[in-house]
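These protein sequence lines are chains A and B, in that order.
Start counting the first sequence at 0; every next residue gets the next number (numbering that gives the first Met the number 0).
Start counting the second sequence at 0; every next residue gets the next number (numbering that gives the first Met the number 0).
Mixed in with the good hints there might be a few duds.
As the list claims (entries may be wrong) - Only pairs whose alpha carbons sit at most 20 Å apart, straight line, appear in this in silico EDC-like list of lysine to aspartate or glutamate:
1) A:K171 / B:E233
2) A:K15 / A:E32
3) B:K241 / A:E172
4) A:K14 / B:D92
Note that these hints are calculated values from the structure, not bench results.
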Amino acid sequence: MHSVIVHRLSKAYGKKKEIKAVNEISFEVAQGELFGLIGPDGAGKTSLFRMLTTLLLPDSGNASVDGSDIVKDYKAIRNKVGYMPGRFSLYQDLSVEENLNFFATIFNTTVEKNYDLIKDIYIQIAPFKTRKAGKLSGGMKQKLALSCALIHRPVVLFLDEPTTGVDAVSRKEFWDMLKRLKQQGITILVSTPYMDEAGLCDRIGLMQQGQLLSVGTPGEISAAFKQTIVGIKANNMHQLLKDLDTFSEVEDAYSFGEYHHAVMKEHFNEEALLKYLEEKGNSQIVVQHTQPTIEDSFMQLMKQ
Amino acid sequence: MTNDIIIHTEQLTKRFGDFCAVDHISFDVYKGEIFGFLGANGAGKTTAMRMLCGLSLPTSGKATIAGFDVYKQTEHIKRSIGYMSQKFSLYEDLTIIENIRFYAGIYGKSDAFIKDKTARLLQQLHLENEANKLVGSLPLGWKQKLAFSVAVFHEPQIVFLDEPTGGVDPVTRREFWNLIYEASATGITIFVTTHYMDEAEYCNRVSIMVDGRIDALDTPVALKHTYNAASMDEVFLQLARKATRVDG
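Could you put the whole structure together from the sequences, leaning on the hints where they help?
So this is what it looks like as structure tokens:
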């Protein structure tokens with residue numbers, strides 16, 4: 000059973016509708032799935048989320064969330080989804096506790112009734128429950144926003160870039176929280192610009208300039224990358240990259256952390272590559288065969 | 000990269016009431032170095048950077064930036080550095096040309112210098128046809144590359160980059176780092192913060208702040224060796240988890 004169905008959904012902005020923020024996008028999300036939309040700023044992730052949460056009308060196409068149409072049944076959707084926007088949008092001058100009570104009340108429920116769902120998250124900010132939301136640190140604001148988005152026990156949860164600008168430790172903690180929520184049966188759609196978070200989702204959609212480049216499990220998307228990738232490092236990494244760029248058997252080369260990634264053409268000769276790099280004056284050359292990552296796939300799809 | 004010290008700090012400290020945001024940090028950065036300044040949210044990076052840019056007076060300790068004292072010569076410091084961040088870089092309602100002229104003008108550059116260098120810059124960034132477009136209409140990645148070029152336009156000795164590549168696509172992020180390498184090759188020192196751990200690998204040396212202190216400082220290779228870690232991500236997680244400060 001599909002929890003979210005999106006069919007050729009489009010949204011354009013500008014006087015002549017020249018900015019195609021979301022361009023004929025189609026995909027489905029199964030019930031209880033953790034689905035990630037991966038893409039840089041400007042890819043159209045927020046416009047898509049705003050349409051699915053009924054905050055923005057599509058220009059064309061259609062979509063349903065938990066069986067309700069995003070245009071006709073918008074009121075029903077608002078009652079059953081949770082939405083955490085990218086920008087902190089709780090009431091800064093209400094306390095932690097007041098914000099949570101407020102959101103429970105407007106959804107006709109109580110904090111007590113659904114406390115089991117948010118307990119793991121809320122317990123971490125409970126010591127600050129009388130503090131004004133505006134005075135919380137970034138990590139605490141994020142936990143409060145998630146608690147407020149969950150307090151009416153939504154069937155689908157939309158999280159728009161919850162980890163942007165957040166450090167590596169807090170990002171890891173946040174994903175651990177999502178995993179626990181998933182066990183409660185909630186369908187989760189999460190967007191992120193961080194490619195390394197893709198592996199934590201059941202399925203992902205890679206998004207760029209309003210379009211979905213690819214949809215699948217992280218394993219399927221990596222497996223669709225057919226060429227061999229060679230990881231290479233040497234004494235001078237900047238020079239090495241320039242040399243790789245000009246080698247005839249290299250299709251593409253780019254930095255990738257400690258090693259550069261060189262995407263090789265078919266039947267390449269490793270010895271010839273090494274010889275060429277040595278002739279160019281590179282030393283301490285280390286070569287290792289590398290599995291393609293989501294980031295490699297994304298870049299390949301972007302350049303096509 | 001050379002052995003000339005361009006940033007020197009000794010027991011540099013900043014307190015806000017009884018909260019010690021930056022706690023006796025001592026380190027040197029060399030001319031032309033790409034120096035990664037890492038730390039979890041709330042570790043004290045921004046406060047430290049504000050002191051190094053001459054925007055905030057230290058509570059105690061010493062620091063010189065491009066030879067200028069952070070207590071007495073803050074105006075000289077500001078003239079010697081460039082700055083860009085993810086949150087604010089350029090004026091969206093000015094064109095590309097207007098932004099360049101505005102920034103270069105603030106730094107007191109002559110019309111001839113601005114004219115000559117603008118032409119070369121637009122060519123380098125392949126923005127010749129966009130020169131009269133509003134910056135607000137550019138895609139984020141282009142904006143960030145342009146912002147970096149504007150931040151080094153007046154040929155500062157050091158450029159401070161505060162999460163310059165946040166949200167930028169993976170291809171443009173790498174083009175951005177190429178600009179960093181090129182600037183570093185001309186002798187400009189790069190002082191950069193980032194949440195992307197692959198970018199930590201591109202730095203000559205990296206420091207990691209925990210609870211206001213610098214708990215580690217070395218080359219990425221040496222740090223991975225010391226912490227017996229496969230990646231900088233692991234090094235960072237090992238150190239940052241020791242934090243006792245409540246950031247929530």
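Going straight from one Cα to the other, do K171 (chain A) and E233 (chain B) come out at no more than 20 Å?
-> holds, 12 Å
20 Å limit on alpha-carbon distance, applied to hinted pair K241 (chain B) and E172 (chain A) | holds, 15 Å
Taking 20 Å as the top limit, are the C-alpha atoms of K14 (chain A) and D92 (chain B) close enough?
-> The hint holds at about 18 Å.
Within a Cα-Cα threshold of 20 Å, do K15 (chain A) and E32 (chain A) meet the stated pairing?
-> Roughly 37 Å separates the two Cα atoms, so the pair is violated.
The structure is inconsistent with hint 2 alone, although it conforms to all the rest.
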